[in-house]
Amino acid sequence: MNDKTLFGLKEMGPACRPALLRQLREMLPDECVIADEAALRAYETDALTAYRQPPMLAVLPETTAQVAAVLKLCRELDVKVVPRGAGTSLSGGALPLADGIVLGLGKFNKILEVDFDNRCVVAQSGVTNLALTEAVQPRGYYYAPDPSSQIVCTIGGNVSENSGGVHCLKYGLTTNNLLGLEMVTMDGEILRLGGKYLDPAGYDLLGIVTGSEGLLGVITEVTVRIIRAPQTAKAMLLGFPDNERAGQCVANIISAGIIPAGIEMMDEFAIKAAEDFAHAGYPTDCPALVLTELDGPEGEVSELIEQVRTIAAGCQASFIKVSASEQERERIWAGRKAAFPALGDISPDYYCMDGTIPRRELAHVLTRIRELSNHYGLRVANVFHAGDGNLHPLILFDANDKEQLEKAEEFGADILRLCVAVGGVLSGEHGIGIEKKDLMPVMFNEADLQQQQRIKCVFDPAGLLNPGKVFPVLHRCAELGKLHVHKGNIPFPEIPRF
Amino acid sequence: MNNEHFSPELEQQALELVQWSVAEGKTLAIRGTNTKQGFGLPIKADCVLTMWRLAGICEYHPEELVMVALPGTPLAEIRQELTRHNQHLAFEPPSLNRLYRSDEEGTLGGVFMGNLAGPRRFKAGSARDHILGVRAINGRGELWKSGGKVIKNVSGYDMSKLLTGSWGTLSVVTELSFKVLPAPPVSRSLAVWGLSPRLGLALLAQVASTPCEASGLAYLPAAALAAIAQNDMSLKDEALTLIRMEGTEVSVAERVQAIHQWLPPACQHNLLEQAESALAWSWVCDAAPLFDEQRTPIILKISMPPADAWNLIRFIDELRGCLWYLDAAGGWLWVGICQVSGADKLHALIREVRAAAGSATLYRAPLPVKQSAGIYCFADESVKRLNEKIKHSFDPSNLFNPGRLGLN
Ligand SMILES: Cc1cc2nc3c(=O)[nH]c(=O)nc-3n(C[C@H](O)[C@H](O)[C@H](O)COP(=O)(O)OP(=O)(O)OC[C@H]3O[C@@H](n4cnc5c(N)ncnc54)[C@H](O)[C@@H]3O)c2cc1C
Numbered sequence: 030m031n032d033k034t035l036f037g038l039k040e041m042g043p044a045c046r047p048a049l050l051r052q053l054r055e056m057l058p059d060e061c062v063i064a065d066e067a068a069l070r071a072y073e074t075d076a077l078t079a080y081r082q083p084p085m086l087a088v089l090p091e092t093t094a095q096v097a098a099v100l101k102l103c104r105e106l107d108v109k110v111v112p113r114g115a116g117t118s119l120s121g122g123a124l125p126l127a128d129g130i131v132l133g134l135g136k137f138n139k140i141l142e143v144d145f146d147n148r149c150v151v152a153q154s155g156v157t158n159l160a161l162t163e164a165v166q167p168r169g170y171y172y173a174p175d176p177s178s179q180i181v182c183t184i185g186g187n188v189s190e191n192s193g194g195v196h197c198l199k200y201g202l203t204t205n206n207l208l209g210l211e212m213v214t215m216d217g218e219i220l221r222l223g224g225k226y227l228d229p230a231g232y233d234l235l236g237i238v239t240g241s242e243g244l245l246g247v248i249t250e251v252t253v254r255i256i257r258a259p260q261t262a263k264a265m266l267l268g269f270p271d272n273e274r275a276g277q278c279v280a281n282i283i284s285a286g287i288i289p290a291g292i293e294m295m296d297e298f299a300i301k302a303a304e305d306f307a308h309a310g311y312p313t314d315c316p317a318l319v320l321t322e323l324d325g326p327e328g329e330v331s332e333l334i335e336q337v338r339t340i341a342a343g344c345q346a347s348f349i350k351v352s353a354s355e356q357e358r359e360r361i362w363a364g365r366k367a368a369f370p371a372l373g374d375i376s377p378d379y380y381c382m383d384g385t386i387p388r389r390e391l392a393h394v395l396t397r398i399r400e401l402s403n404h405y406g407l408r409v410a411n412v413f414h415a416g417d418g419n420l421h422p423l424i425l426f427d428a429n430d431k432e433q434l435e436k437a438e439e440f441g442a443d444i445l446r447l448c449v450a451v452g453g454v455l456s457g458e459h460g461i462g463i464e465k466k467d468l469m470p471v472m473f474n475e476a477d478l479q480q481q482q483r484i485k486c487v488f489d490p491a492g493l494l495n496p497g498k499v500f501p502v503l504h505r506c507a508e509l510g511k512l513h514v515h516k517g518n519i520p521f522p523e524i525p526r527f
Numbered sequence: 018m019n020n021e022h023f024s025p026e027l028e029q030q031a032l033e034l035v036q037w038s039v040a041e042g043k044t045l046a047i048r049g050t051n052t053k054q055g056f057g058l059p060i061k062a063d064c065v066l067t068m069w070r071l072a073g074i075c076e077y078h079p080e081e082l083v084m085v086a087l088p089g090t091p092l093a094e095i096r097q098e099l100t101r102h103n104q105h106l107a108f109e110p111p112s113l114n115r116l117y118r119s120d121e122e123g124t125l126g127g128v129f130m131g132n133l134a135g136p137r138r139f140k141a142g143s144a145r146d147h148i149l150g151v152r153a154i155n156g157r158g159e160l161w162k163s164g165g166k167v168i169k170n171v172s173g174y175d176m177s178k179l180l181t182g183s184w185g186t187l188s189v190v191t192e193l194s195f196k197v198l199p200a201p202p203v204s205r206s207l208a209v210w211g212l213s214p215r216l217g218l219a220l221l222a223q224v225a226s227t228p229c230e231a232s233g234l235a236y237l238p239a240a241a242l243a244a245i246a247q248n249d250m251s252l253k254d255e256a257l258t259l260i261r262m263e264g265t266e267v268s269v270a271e272r273v274q275a276i277h278q279w280l281p282p283a284c285q286h287n288l289l290e291q292a293e294s295a296l297a298w299s300w301v302c303d304a305a306p307l308f309d310e311q312r313t314p315i316i317l318k319i320s321m322p323p324a325d326a327w328n329l330i331r332f333i334d335e336l337r338g339c340l341w342y343l344d345a346a347g348g349w350l351w352v353g354i355c356q357v358s359g360a361d362k363l364h365a366l367i368r369e370v371r372a373a374a375g376s377a378t379l380y381r382a383p384l385p386v387k388q389s390a391g392i393y394c395f396a397d398e399s400v401k402r403l404n405e406k407i408k409h410s411f412d413p414s415n416l417f418n419p420g421r422l423g424l425n
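Quick mapping for you: the protein sequence lines, in order, are chains A and B. Each residue of the first sequence is one higher than the one before, counting from 30 in my numbering. Each residue of the second sequence is one higher than the one before, counting from 18 in my numbering.
Be a bit skeptical, because a hint or two may be false.
To be verified - Ranges between beta-carbon positions, derived for each pair:
{"hint": "1", "chain 1": "A", "residue 1": "E273", "chain 2": "B", "residue 2": "Q29", "range": "36 to 42 Å"}
{"hint": "2", "chain 1": "A", "residue 1": "T313", "chain 2": "B", "residue 2": "C284", "range": "56 to 62 Å"}
{"hint": "3", "chain 1": "A", "residue 1": "D271", "chain 2": "B", "residue 2": "A270", "range": "38 to 44 Å"}
{"hint": "4", "chain 1": "B", "residue 1": "E335", "chain 2": "A", "residue 2": "D107", "range": "52 to 58 Å"}
Unchecked claim - Beyond 10 Å from chain A on every Cβ pair, some chain B residues (computed):
{"hint": "5", "residue": "G55"}
{"hint": "6", "residue": "C75"}
{"hint": "7", "residue": "Q97"}
{"hint": "8", "residue": "R118"}
{"hint": "9", "residue": "G211"}
{"hint": "10", "residue": "I245"}
{"hint": "11", "residue": "D254"}
{"hint": "12", "residue": "L289"}
{"hint": "13", "residue": "E293"}
{"hint": "14", "residue": "A295"}
{"hint": "15", "residue": "P314"}
{"hint": "16", "residue": "E335"}
{"hint": "17", "residue": "R368"}
{"hint": "18", "residue": "E369"}
{"hint": "19", "residue": "A372"}
{"hint": "20", "residue": "K387"}
Bear in mind the hints are in silico, worked out from the structure with no lab data behind them. All of these numbers come straight from a predicted model, not from anything done at the bench. Built from N, CA and C at the ideal position, the CB exists for glycine as well.
Sequences are here, hints too, so could you generate the full structure?
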């Protein structure tokens with residue numbers, strides 16, 4: 030990420046811009062086509078704000094047919110398209126291209142059907158995550174995946190990133206809660222995958238589209254399953270003398286056969302920042318805090334709370350608190366959810382990392398992160414989806430200081446390399462986007478990446494949909510499709526025949 | 018055909034074999050222990066590649082909920098190892114042995130390649146919801162990998178899901194990592210007898226809409242129950258509605274108690290304790306009412322919106338000569354069609370499934386019926402075409418299990 034300069038539209042806009050604009054205006058209502066330079070600034074970045082680039086044009090279609098028409102036109106004119114939901118991607122997935130348009134799903138904001146009989150909701154892809162839950166809450170249901178950005182992020186964005194949330198250990202990620210979708214391919218073909226039923230026929234197309242970061246198609250409609258809210262939920266705060274014992278406690282809880290609705294960990298720095306900001310009742314004298322929620326039928330929850338209490342005590346917990354009321358439970362979570370903004374208060378900027386590790390490596394990884402923090406001279410706070418090993422180190426820096434920004438990025442890359450080195454992965458829930466694409470070879474070799482790119486070629490052979498994301502190097506589909514045959518003699522007398 | 022059989026012991030050998038088959042244009046029938054050979058169209062291949070020697074558990078971290086194993090590992094071995102740590106495969110893979118008349122023990126690879134799932138499907142998902150990563154060899158003779166060995170990962174496309182349910186048509190899988198979960202200490206079921214299909218369905222829907230967290234909701238009409246030959250329970254000659262609760266002792270007792278308020282007045286019911294409950298659910302899971310091939314030569318498994326189950330059932334009853342039962346909280350309808358000449362009924366049923374915007378998979382049928390109906394009921398042609406393109410992208414020369422899924 031060396032070049033983050035703003036390109037002027039005039040220099041970069043390809044020759045087809047006038048023709049494209051004219052045709053877009055013919056097919057869409059006026060307010061759906063944005064060409065004004067100032068207005069385009071609204072789209073120049075997502076939540077990875079270090080990268081900025083206004084698009085050539087932005088379009089905000091209102092119907093699936095319009096999406097299809099726009100994509101078809103772009104395909105004909107060879108124009109790149111970046112789909113965009115709410116623009117909260119933390120990996121730069123929705124970063125525009127100077128020679129491409131942004132296709133925003135902002136007008137796809139209607140819930141189409143709440144179907145309690147089939148325990149699902151059908152919604153347009155621009156509906157926010159929280160709106161889904163709000164639509165079904167009156168009857169005691171909810172949509173389980175709950176990213177912290179749920180007030181604004183869209184369900185289409187959630188599908189594209191396979192987003193998680195604090196409840197995904199027990200209730201799954203987006204991919205486990207998605208039943209169907211309607212999407213438009215770059216050719217303008219409208220596809221319906223799945224529906225209000227469990228098992229679509231054939232290969233798992235829903236599975237491959239989920240988490241594909243806007244590279245395979247534009248999602249216009251989504252069917253998700255909803256579940257009944259648990260009878261009761263209680264949160265617990267558990268303070269420990271060090272990260273090792275906190276990590277051990279998490280492992281022991283899971284080994285005991287308990288899958289909490291959520292289980293989070295915060296380090297000393299994050300605890301203090303969150304407590305100062307949100308006054309959630311966190312013990313600020315504990316070097317490590319585990320926050321957990323147990324939900325389900327009343328009797329079960331009481332039983333589990335006691336079990337967790339015993340396990341925590343066995344790991345030398347110095348602080349144990351159980352939420353006594355619904356308000357207190359919410360306050361405990363408010364602290365965790367405020368961890369990011371709280372750090373934003375302390376430091377001009379922070380860079381949120383997102384790798385997953387096997388939890389048994391936690392103590393080692395946190396120690397190493399502290400060493401790196403000293404090495405780079407940048408502070409770091411750790412919040413952590415402890416149940417599934419998903420780390421979120423937050424690197425504090427000042428973006429106005431170019432050197433600090435570069436250091437923060439190097440530091441972040443070192444952390445992700447470390448995650449992979451200990452047997453983990455580059456991203457647990459924020460995606461690869463533009464941010465981590467150059468690190469993909471740390472995890473995957475050329476054959477692995479080519480196999481993935483062949484999927485891209487199935488859906489978008491011209492490579493016009495969100496190019497430049499996820500993959501470090503783009504190969505041409507014709508090249509990827511070639512079959513290289515190495516003539517072999519039958520080399521395996523040693524392979525057992527039956 | 019006098020096929021040559023290969024059974025590699027190492028990934029490298031499997032790789033060399035596939036490279037040779039690519040070079041020579043030799044097609045491969047890929048198997049574990051061949052317990053599910055009856056699924057799909059018959060495979061006509063030059064050679065047989067059996068994976069059962071590539072077996073063993075490579076890594077198991079109970080506290081991380083992750084296991085890594087080779088595809089030929091017997092499912093029984095996996096289960097045994099998990100049980101030792103009070104864990105299980107939450108998606109409850111069925112045994113299709115009786116359905117496909119095999120005496121062998123199924124392998125891990127088969128479970129994932131078939132995307133199997135049992136009665137917990139509506140709550141815990143299927144194999145595809147538990148796969149974490151794969152190592153595999155594509156139809157170009159290249160070894161590739163995807164995913165990881167941790168339970169949360171969005172690095173790159175979720176390729177492992179595409180392989181799950183591909184029935185060996187996309188790649189030869191050489192290693193799988195997957196999510197494992199704590200097994201519930203207590204599992205009990207309420208058996209409710211003699212409800213009409215309408216009342217049975219209403220009860221399932223009612224329970225599914227409460228926070229009771231039932232982990233099994235099935236309805237077997239009297240005819241389906243009668244077809245279960247090896248019943249050790251003194252079964253009544255009546256329809257059975259099954260409601261399963263799992264968890265801790267206190268919790269299960271509490272929830273079973275809560276269910277009583279939803280039972281229709283004066284219906285007969287009794288509690289099935291652990292062993293009995295497990296037996297009853299194994300019938301549902303493994304499709305016991307449909308074992309007998311003489312009796313139900315054609316089996317279609319329908320996946321539909323639960324609220325459409327009632328209409329489909331009425332349609333099936335009007336067709337006559339079908340045996341059916343409902344699983345997955347009304348989301349799955351297993352249908353056995355009773356005569357060999359049931360092709361017309363099958364086609365009528367498939368049309369009805371399409372109208373209900375559901376999907377269906379043909380689990381068993383005489384060859385001509387399979388050929389005319391296809392294995393999958395695709396929603397439309399464009400989705401089918403996409404399936405074919407995906408097949409081509411992994412296996413351009415159509416070397417792996419050619420013809421099995423009826424894709425070109
Ligand atoms: C404060 C904060 C907290 C967050 N917390 C979490 C969290 O707890 N868990 C988590 O998983 N993530 C979290 N995120 C990340 C982010 O919110 C998610 O990735 C979210 O799903 C993005 O949704 P969006 O609508 O903003 O998508 P965008 O950012 O607009 O787009 C994301 C990607 O999806 C593509 N895309 C969007 N919509 C479509 C569509 N309809 N069709 C095709 N492609 C599309 C875009 O091209 C882009 O590649 C957080 C972000 C912030 C800023």
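Hints, verified against the model:
1. E273/A / Q29/B: 36 to 42 Å: About 39 Å separates the Cβ atoms of E273/A and Q29/B, which means 36 to 42 Å holds.
2. T313/A / C284/B: 56 to 62 Å: holds, 58 Å
3. D271/A / A270/B: 38 to 44 Å: holds, 40 Å
4. E335/B / D107/A: 52 to 58 Å: Hint holds: Cβ distance 55 Å, inside 52 to 58 Å.
5. G55: holds, 18 Å
6. C75: C75/B is indeed farther than 10 Å from all Cβ atoms of chain A, at 12 Å.
7. Q97: holds, 18 Å
8. R118: holds, 20 Å
9. G211: holds, 25 Å
10. I245: holds, 24 Å
11. D254: Holds: least Cβ distance 31 Å, greater than 10 Å.
12. L289: Fine: 20 Å to the nearest Cβ keeps L289/B off the interface.
13. E293: Check passes; 23 Å lies beyond 10 Å.
14. A295: Per Cβ check, A295/B is outside 10 Å of chain A; nearest 18 Å; holds.
15. P314: holds, 21 Å
16. E335: holds, 22 Å
17. R368: holds, 15 Å
18. E369: holds, 14 Å
19. A372: holds, 12 Å
20. K387: Consistent with the label, K387/B stays out of reach of chain A, its closest Cβ about 14 Å off (over 10 Å).
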